[in-house]
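**Student:** For reference, the chains in residue letters:
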Amino acid sequence: MSMAEQVRELLKSRFGEAVLGEDDFRDQQSLYIDPEAVFDMCQALVADADLDVKYLADITSVDWYGVEEEVRKGRFEVIYNLYSIRHKYRFFLKARLPEDKPEIQSLTSLFNGAGWMEREVFDLMGIIFVGHPNLTKILTPDELEGHPLRRDFPLTFEVPQFSWNKDDPPEVIR
Amino acid sequence: MAQQKTLEINMGPQHPSTHGVLRVKLELDGETVVKAEPVVGYLHTGIEKTMESKLYYKALPCTDRMDYLSPMSNNLAYCLAVEKLMDIEVPEKVKWARVCLAELTRLNSHLVWLGTHALDLGAMSMLLYTFREREQIIDIYEACGGQRMMTSYIRIGGLAHELPRDFDKRVREIIKTFPEKMHDYEDLLTLNQIFINRTKDVAVISAEDAINWSLSGPMLRGSGVKHDIRKANPYSGYENFDFEIPVGEKGDAYDRYKQRLEEMRQSLRICQQAIDGMPEGPYRAHVPGVVLPPKEDVLHKMESMIFHFKIITEGFTSPRGQVYQAIEAPKGELGFFISSDGTNRPNRVRVRPPSFINLASLPALVEGRLLADVVCAIGTIDIVLGEVDR
Chain A
644 MSMAEQVREL
654 LKSRFGEAVL
664 GEDDFRDQQS
674 LYIDPEAVFD
684 MCQALVADAD
694 LDVKYLADIT
704 SVDWYGVEEE
714 VRKGRFEVIY
724 NLYSIRHKYR
734 FFLKARLPED
744 KPEIQSLTSL
754 FNGAGWMERE
764 VFDLMGIIFV
774 GHPNLTKILT
784 PDELEGHPLR
794 RDFPLTFEVP
804 QFSWNKDDPP
814 EVIR
Chain B
214 MAQQKTLEIN
224 MGPQHPSTHG
234 VLRVKLELDG
244 ETVVKAEPVV
254 GYLHTGIEKT
264 MESKLYYKAL
274 PCTDRMDYLS
284 PMSNNLAYCL
294 AVEKLMDIEV
304 PEKVKWARVC
314 LAELTRLNSH
324 LVWLGTHALD
334 LGAMSMLLYT
344 FREREQIIDI
354 YEACGGQRMM
364 TSYIRIGGLA
374 HELPRDFDKR
384 VREIIKTFPE
394 KMHDYEDLLT
404 LNQIFINRTK
414 DVAVISAEDA
424 INWSLSGPML
434 RGSGVKHDIR
444 KANPYSGYEN
454 FDFEIPVGEK
464 GDAYDRYKQR
474 LEEMRQSLRI
484 CQQAIDGMPE
494 GPYRAHVPGV
504 VLPPKEDVLH
514 KMESMIFHFK
524 IITEGFTSPR
534 GQVYQAIEAP
544 KGELGFFISS
554 DGTNRPNRVR
564 VRPPSFINLA
574 SLPALVEGRL
584 LADVVCAIGT
594 IDIVLGEVDR
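So the protein lines, in turn, are chains A and B.
Every number in our numbering is 643 more than the matching position in the first sequence, counting from 1.
Every number in our numbering is 213 more than the matching position in the second sequence, counting from 1.
In short, the hints are calculated from the structure, not lab data.
No experiment lies behind these values; they were computed from the predicted model shown.
Some hints here could point you the wrong way.
[As the list claims (entries may be wrong)] Per the computed footprint, the stretches of chain B lying under chain A, defined by three or more beta-carbons under 8 Å from a beta-carbon of chain A, are: (1) 235–248; (2) 293–302; (3) 327–335; (4) 352–364; (5) 548–554; (6) 560–568.
Where a beta carbon is used, it is the ideal one built from N, C-alpha and C, also for glycine.
Sequences are here, hints too, so could you generate the full structure?
**Tutor:** If you want it as structure tokens, here you go:
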């Protein structure tokens with residue numbers, strides 16, 4: 644059985660309904676899952692000795708603001724990039740979160756490495772990881788309000804000050 | 214008598230051994246580190262956000278500016294990700310040239326690491342030697358892309374120009390002279406008692422912990438985990454090359470030092486094979502409407518000129534989907550995640566920065582150790598703050 648089938652088998656048999664769908668765009672296995680189940684799924688994957696999925700390569704997020712048909716499924720998408728070093732196999736778990744309650748369980752108790760990845764997603768995309776021991780800003784300055792990687796956060800630039808515009812200070816987003 | 218037991222101090226952001234603007238909040242009990250908390254973000258420039266607002270082509274120069282010591286690796290990872298998204302197959306020659314350039318980049322990055330790491334530990338002269346050798350590599354970059362650091366030479370679907378005429382000669386020169394130089398480095402450091410005392414059993418991390426902390430690159434292999442993306446999931450034709458993956462035993466700073474030196478030797482081997490076996494052919498894929506046509510054609514052929522104009526002004530539209538492409542960059546697993554909504558701009562570009570994720574493990578490396586070991590631990594992680602903060 645190939646790795647893709649094994650992963651599907653394990654998650655389908657243990658979690659059934661929580662696996663909402665799957666695609667293999669460009670030969671990458673992505674499983675669309677219920678956000679409630681993410682922690683239990685990762686725990687099952689880590690515990691399974693055959694699969695040996697112990698490496699959390701990355702956590703990232705996508706904001707689908709402005710793409711109607713995607714927003715209907717949930718505006719935010721959190722993507723877990725898991726890897727099995729023994730089987731050299733990579734796959735993705737993707738969970739959709741609604742705009743009004745972007746909350747998902749933290750994986751910090753399973754993977755130490757998740758700590759900073761989750762902090763970054765929280766800082767830049769505003770997704771709250773429930774159970775994270777230190778969910779604070781990591782990259783942006785403390786005085787910045789909002790989450791820059793959201794699509795509705797304006798992309799701005801700072802006008803440098805010269806003698807000709809020194810009385811007209813540029814607007815800076817706070 | 215009330216007595217304060219621990220002392221909290223700041224290391225950085227302007228500290229020479231923090232390789233840029235890293236701040237580490239340290240809680241000390243005497244000279245022992247009780248708690249360490251790295252604070253990053255001083256160089257945050259929103260590169261991911263900037264890339265979202267640009268056409269696929271025009272986002273490329275942003276990638277050089279993250280890990281400025283390994284620009285070609287960054288270009289390569291981004292181009293491979295876009296090529297995967299657009300399903301472009303590049304000519305053989307491009308693959309071989311990219312491998313050669315990526316390995317030169319590994320040499321470049323490891324040389325700077327070696328120089329600065331030794332400098333942190335007090336071996337001043339190393340930096341002078343490593344920068345001398347680095348100069349040769351930087352000269353090759355200059356001959357290729359016209360710039361010494363921000364090359365943007367590897368482009369979507371191929372290379373920016375034909376390889377320079379003396380590329381072959383220059384690379385062979387490095388392959389010939391480099392092993393001798395490496396002997397010099399080893400003479401200076403490998404059996405140097407001061408260096409050994411400063412690095413042996415310092416910043417130790419076990420194999421399980423390394424995996425649990427999501428470490429990658431020499432940090433992971435130094436702990437004895439034999440994982441290299443070039444072998445595990447080959448990209449850009451790495452399956453055609455014959456090389457070893459060196460691994461460490463204990464996972465201390467000295468292991469990682471030997472690890473990186475051995476990687477440099479393997480890189481030379483790969484460069485040799487790439488130069489010897491480089492096939493002839495075009496330097497860019499022929500995919501009208503997506504890959505820029507060669508400049509010579511643009512000046513002489515009507516269609517090429519139209520495509521050139523169209524790609525530069527409105528770009529190309531991509532299928533809706535999400536791709537992730539990881540490469541083994543000098544510092545670890547560098548991955549680009551591109552989410553496309555079917556327009557001519559990416560909906561989201563995520564960089565999986567190796568040094569950011571490796572740096573997160575700093576508390577695990579230094580807590581319970583002496584203050585002086587913090588300097589060694591930061592050096593051995595091999596961070597570039599431009600990439601940590603993006």
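**Student:** Hint by hint, where does the structure go against what was stated? Just the numbers, ascending.
**Tutor:** 1, 3 and 4
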